[in-house]
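J.: As a plain string of letters, each chain reads:
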Amino acid sequence: MKAIETTGLCKQFKGKKMTRVDALKSLDLQIEKGEVFGFLGPNGAGKSTTIKLIMGLLKPTAGTASIMGKDSSTTDSRRQVGFLPENPAFYDYLSAEEYITFVGSQFSMESSLLKRRTEDVLKRLDLWEARKRPMRGYSKGMVQRVGLAQTLVHDPDVYILDEPMSGLDPIGRALVKDIILDLKRRGKCVFFSTHITDDVEKVCDRVGVIVKGSLVAVDRVENIMRSGVEGYLVHLRFQDSASRNFAGIEPLRTAGSTSEFYVSCSAFNAFMGEVNAAGVEVALVETKRRDLEDFFLSLVNKP
Amino acid sequence: MSAVSRPVVALLVSLTIYGVVLGSFSDYMKLKPIEEKLGYLPSTSFLRYASADHKELVGASLVMKVIMYFGGIAEKQQANVIVQPPDYRGMSGILHGAVKLDPYNMDAYYFAQSFLTWEVKQYKIANDLLDYGMKYRSWDWMLPFFAGFNSSYFMRDYPAAATYYKRAGELSGSDLSKLLAGRYMQEAGQTELAIAYLTTMEKGERNQSVRRNYQLRLSAFKEVRKIEMARDRFKEAKGYLPTTVEQLSQGGFLSTVPLDPYGGQFYLEADGKVATTSKFAFAGAKKAAKQNAGETR
Amino acid sequence: MLSIVRITLKGIFRDRIFQGIMALSLFFVFIPSVASLSMRQVTELSTTLSLSLISFIMLLLAVFLGATSIWKDIERRYTFSVLSLPVSRSTYLVGRFLGIAIFMLIAALFLGSAAIVSIKIASLTYPPARPLLWFAIITSIVFDALKYIIVVAVSMTLATVSTSFFLPVFGAISIFMAGTVTQQVFDYLHTPSAQAAVSAAIRKAALVLYYLLPNLGGFDLKVHAIYAIPLNTQGLLLTGVYFLAYTGIVMSVGALLFARREMK
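Those sequence lines, one after another, are chains A, B and C.
Per numbering that gives the first Met the number 0, the first sequence starts with residue 0, numbered consecutively.
Per numbering that gives the first Met the number 0, the second sequence starts with residue 0, numbered consecutively.
Per numbering that gives the first Met the number 0, the third sequence starts with residue 0, numbered consecutively.
Treat the hints as calculated values from the structure; they're not laboratory data.
Since the structure is predicted, the reported quantities are computational estimates derived from the model, not experimental observations.
Treat the hints loosely; a few may be bogus.
Simulated pairs of lysine-lysine, BS3-like, Cα-Cα distance not exceeding 25 angstroms [what the hints assert, rightly or not]:
no., chain 1, residue 1, chain 2, residue 2
1, A, 13, C, 119
2, A, 139, A, 32
3, A, 211, C, 71
4, B, 64, B, 99
5, A, 69, A, 114
6, B, 64, B, 75
7, C, 9, A, 114
8, C, 263, A, 58
9, C, 119, A, 176
10, A, 24, C, 119
11, A, 131, C, 263
12, B, 75, B, 123
13, B, 237, B, 123
14, A, 24, A, 1
15, A, 13, C, 9
16, A, 15, C, 203
17, B, 221, B, 120
18, C, 203, A, 139
19, C, 9, A, 69
20, A, 32, A, 131
21, C, 71, A, 58
Partner residues are not named here, just some residues of chain A that face chain C (Cβ under 10 angstroms, in silico) [as the list claims (entries may be wrong)]:
no., residue
22, 73
23, 97
24, 138
Even glycine gets a Cβ: it sits at the ideal position worked out from N, Cα and C.
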């Protein structure tokens with residue numbers, strides 16, 4: 000059983016003048032339990048549509064979606080999941096504490112446990128001071144944190160977060176990354192969408208890229224990182240001030256006794272052999288690679 | 000001009016214009032034709048549909064409108080200001096509309112009775128309205144009491160009056176109606192009948208202008224009664240009818256010269272009936288009664 | 000469902016518009032003095048004014064609460080967070096409805112108490128011709144509340160399909176207005192003059208509307224309350240059952256429509 004699974008998931012919207020817009024074209028996705036999955040895509044690619052289909056907020060035109068083996072059209076499918084909508088909004092006349100308690104009661108949590116868990120998550124998300132105030136007075140970042148708190152309160156096995164980092168300041172982002180990594184350690188499945196590649200690189204096991212309603216790539220983050228290596232930047236420190244060439248590669252620049260060399264992957268072994276033979280000290284080796292952003296951009300910009 | 004002072008200037012200018020126009024505006028409103036003030040009543044069936052679940056409220060507000068309108072004119076009349084007489088026809092129309100909306104509204108019947116009879120002399124319309132009300136206010140002795148009075152005093156239809164009085168007596172359990180039924184069922188008792196009726200009405204009335212109206216009429220009838228009694232004593236003593244009221248005072252049958260509160264002069268008709276030049280109405284109201292007669296619905 | 004009812008009630012009590020509408024109940028203070036303008040029926044007039052004021056306030060509450068609750072939830076995107084909880088859409092809709100219905104009864108209790116005080120004051124100053132029938136007054140207020148609960152159900156059902164609040168607000172008001180006169184129209188169409196004047200097709204259409212629209216005329220017991228006319232117990236019972244059945248139908252349709260609605 001997969002934590003989240005979609006098969007041939009399609010969604011058409013009625014556009015203007017009787018046209019139909021394919022928001023999602025036959026999406027097949029399997030997210031394992033205990034996996035952190037980053038769902039990358041530019042704005043309007045179909046990330047939110049996919050998530051709303053999984054959460055049963057939209058009805059698929061074709062195909063199915065399920066959470067923990069339960070079809071998304073059922074109420075039961077939402078028992079095991081904590082969901083953070085994009086730019087969330089909650090009953091603004093309630094306080095954070097009241098709302099979290101309300102959410103917990105919907106998951107039939109026992110009241111003393113709910114009380115304890117509410118306190119935990121509010122403190123964790125730095126909302127403890129503000130917990131009694133109605134949410135209409137909250138800042139955007141605070142509402143976003145309430146959104147995260149309400150996914151955590153009932154401690155589900157699956158987390159679906161739509162743009163969890165948006166609206167947060169750097170401290171808030173760090174907190175969210177921290178929470179996701181903590182969930183990963185505890186073997187929970189986190190499925191989150193974002194258009195910021197940096198978020199994915201740090202926390203995800205796997206990443207899927209969606210462009211114009213189609214999934215264009217799914218891979219492990221480490222594979223993408225490895226395949227993206229293009230060469231190395233080698234810093235050498237010479238005893239004598241004279242810099243030299245190794246394996247026919249000239250230094251990019253020289254400052255004092257150190258020189259920098261760009262060495263491609265294929266030339267690396269030969270280069271290092273000569274450096275070793277000459278007994279020159281290697282000060283630093285940097286990996287030069289395309290990062291996830293380049294990878295992402297290359298997929299998005301593909302004709 | 001700075002951004003702050005601009006709205007201040009605009010406010011001052013508007014206030015000045017408001018102050019200038021206010022006096023003329025209320026004068027204009029005061030001088031509006033009476034029909035306009037009383038307002039035309041949209042068709043009753045339209046009101047029935049439009050008032051949703053507020054039929055009783057709309058009915059009551061129509062009655063209130065008529066009472067206030069009448070109160071304003073009556074006050075001026077009693078203060079001897081010459082005004083146009085009330086638009087009785089319009090008033091009657093609105094009251095009829097009001098009881099279509101709320102057939103239980105006692106104010107409507109009560110008030111309609113007070114002007115449809117004395118002022119407008121539309122006894123048939125008054126009794127039809129009362130008959131309609133009796134179907135609903137089946138517990139109320141006042142409606143048959145009114146209808147009985149109208150039948151006997153104005154229409155001289157004694158059998159009908161007897162039926163109404165019997166019903167009123169049964170409902171009220173008081174002796175008044177039964178008394179009326181027995182004692183005044185003849186021509187001779189007319190004035191006493193009116194005094195008895197007006198006394199009952201005057202006692203129960205709280206609306207000041209309507210009450211003043213009853214008091215006026217009551218005092219007029221008391222004067223008439225005085226003259227009648229003097230006339231009868233005169234006839235007993237002399238064996239023939241007097242021809243003028245002066246005869247009565249000169250002969251010592253009347254201690255004071257009777258005063259018509261409506262500003263008229265009492266006189267004796269050929270058959271000895273007491274009448275007044277005012278016809279029991281203020282100068283303006285007479286014309287209205289004539290105008291309204293026959294066209295009031 | 001209980002917790003949805005609870006947060007609905009909390010939401011209503013904390014809403015400023017509700018507080019504004021309830022401020023209208025200050026008019027109860029003036030009712031005895033306005034009613035004293037009546038010639039013959041001060042107590043009856045103060046009952047009329049009180050019941051009409053209650054009716055008016057409850058109409059505002061019903062339209063405002065019924066039309067805006069679901070619409071606002073969708074408009075402000077509360078539905079994304081709430082409907083992704085393990086709550087079925089019908090539970091959510093019915094919970095919202097029950098919250099508002101309970102609130103209407105609470106409002107009736109509050110307004111009714113104010114009305115009883117002002118009627119009592121009027122009746123002490125100017126005793127009515129017939130003794131007051133408190134049972135009829137209270138029953139009339141309760142049935143008024145039931146009537147407006149039907150309006151709430153109708154406007155919520157309209158809100159499940161509408162993307163703006165125009166349909167639920169004006170739809171509810173129109174259906175309310177029509178609902179108060181269906182019986183009159185029905186009665187009229189059965190008079191001989193109407194049989195002659197109105198074509199058969201229109202009569203048929205009117206008959207369909209008569210059964211389709213709520214018959215709110217039966218819930219109007221103001222005349223009984225104002226003039227102390229005894230109530231027909233069997234009729235009340237029938238009206239009560241009618242209320243349950245009609246509300247049940249409307250809310251079921253609403254739940255079906257809401258389940259199909261896409262949360263874009």
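J.: So, for every hint listed, does it hold in this structure?
T.: So, going through the hints one by one against the coordinates:
With a C-alpha separation of about 61 angstroms, the suggested pairing of residue 13 of chain A with residue 119 of chain C is violated against the 25 angstroms cut-off. Between residue 139 of chain A and residue 32 of chain A the alpha-carbon distance is near 31 angstroms, which puts this suggested pair outside the 25 angstroms criterion. Taking the CA atoms of residue 211 of chain A and residue 71 of chain C, the gap is near 31 angstroms; set against the 25 angstroms cutoff, the hint is violated. For a cut-off of 25 angstroms, the pair hint linking residue 64 of chain B to residue 99 of chain B stands: about 16 angstroms separates their Cα positions.
For a cut-off of 25 angstroms, the pair hint linking residue 69 of chain A to residue 114 of chain A is broken: about 29 angstroms separates their Cα positions. Of the supplied pair hints, the one linking residue 64 of chain B and residue 75 of chain B holds, its CA atoms being roughly 17 angstroms apart against a limit of 25 angstroms. For the proposed pair residue 9 of chain C and residue 114 of chain A, the alpha carbon gap of about 20 angstroms is at most 25 angstroms, so the pair holds. At most 25 angstroms may separate the alpha-carbon atoms for a hinted pair to count; residue 263 of chain C and residue 58 of chain A meet this at roughly 10 angstroms.
Distance hint between residue 119 of chain C and residue 176 of chain A is unfulfilled; the C-alpha atoms sit about 67 angstroms from each other, more than 25 angstroms. For the hint linking residue 24 of chain A to residue 119 of chain C, the alpha-carbon distance of about 71 angstroms lies beyond 25 angstroms, and the restraint is violated. Simply put, residue 131 of chain A and residue 263 of chain C have alpha-carbon atoms about 31 angstroms apart, too far for the 25 angstroms limit, and the pair is violated. Restraint check for residue 75 of chain B and residue 123 of chain B: the C-alpha separation of about 29 angstroms exceeds 25 angstroms, so the hint is violated.
A distance of roughly 41 angstroms separates the Cα atoms of residue 237 of chain B and residue 123 of chain B; the hinted pair therefore is violated under the 25 angstroms criterion. Among the hinted pairs, residue 24 of chain A with residue 1 of chain A is consistent with the structure: their alpha-carbon atoms are about 21 angstroms apart, no more than 25 angstroms. Of the supplied pair hints, the one linking residue 13 of chain A and residue 9 of chain C is violated, its CA atoms being roughly 37 angstroms apart against a limit of 25 angstroms. A C-alpha spacing of about 39 angstroms is found between residue 15 of chain A and residue 203 of chain C, which places the hinted pair above 25 angstroms, so the restraint is violated.
Of the pairs offered as hints, the one joining residue 221 of chain B and residue 120 of chain B holds, with about 21 angstroms between alpha carbons and a cut-off of 25 angstroms not exceeded. Between the alpha carbons of residue 203 of chain C and residue 139 of chain A the distance comes to roughly 57 angstroms, so the proposed pair goes past 25 angstroms and is violated. For the given pair, residue 9 of chain C sits about 33 angstroms from residue 69 of chain A by alpha-carbon distance, which is inconsistent with the 25 angstroms threshold. Pair hint residue 32 of chain A plus residue 131 of chain A does not hold up; C-alpha atoms about 36 angstroms apart against a cutoff of 25 angstroms.
A C-alpha spacing of about 22 angstroms is found between residue 71 of chain C and residue 58 of chain A, which places the hinted pair at or below 25 angstroms, so the restraint holds. At its closest, the beta carbon of residue 73 of chain A sits 9 angstroms from a beta carbon of chain C; the interface hint therefore holds under the 10 angstroms criterion. For residue 97 of chain A, the interface hint holds, since its Cβ comes within 10 angstroms of a Cβ in chain C; the closest pair sits about 8 angstroms apart. With its C-beta approaching chain C no nearer than about 17 angstroms, residue 138 of chain A sits outside the 10 angstroms limit, and its interface hint is violated.
Consistency with the previously given hints fails for numbers 1, 2, 3, 5, 9, 10, 11, 12, 13, 15, 16, 18, 19, 20 and 24, ordered from lowest to highest.
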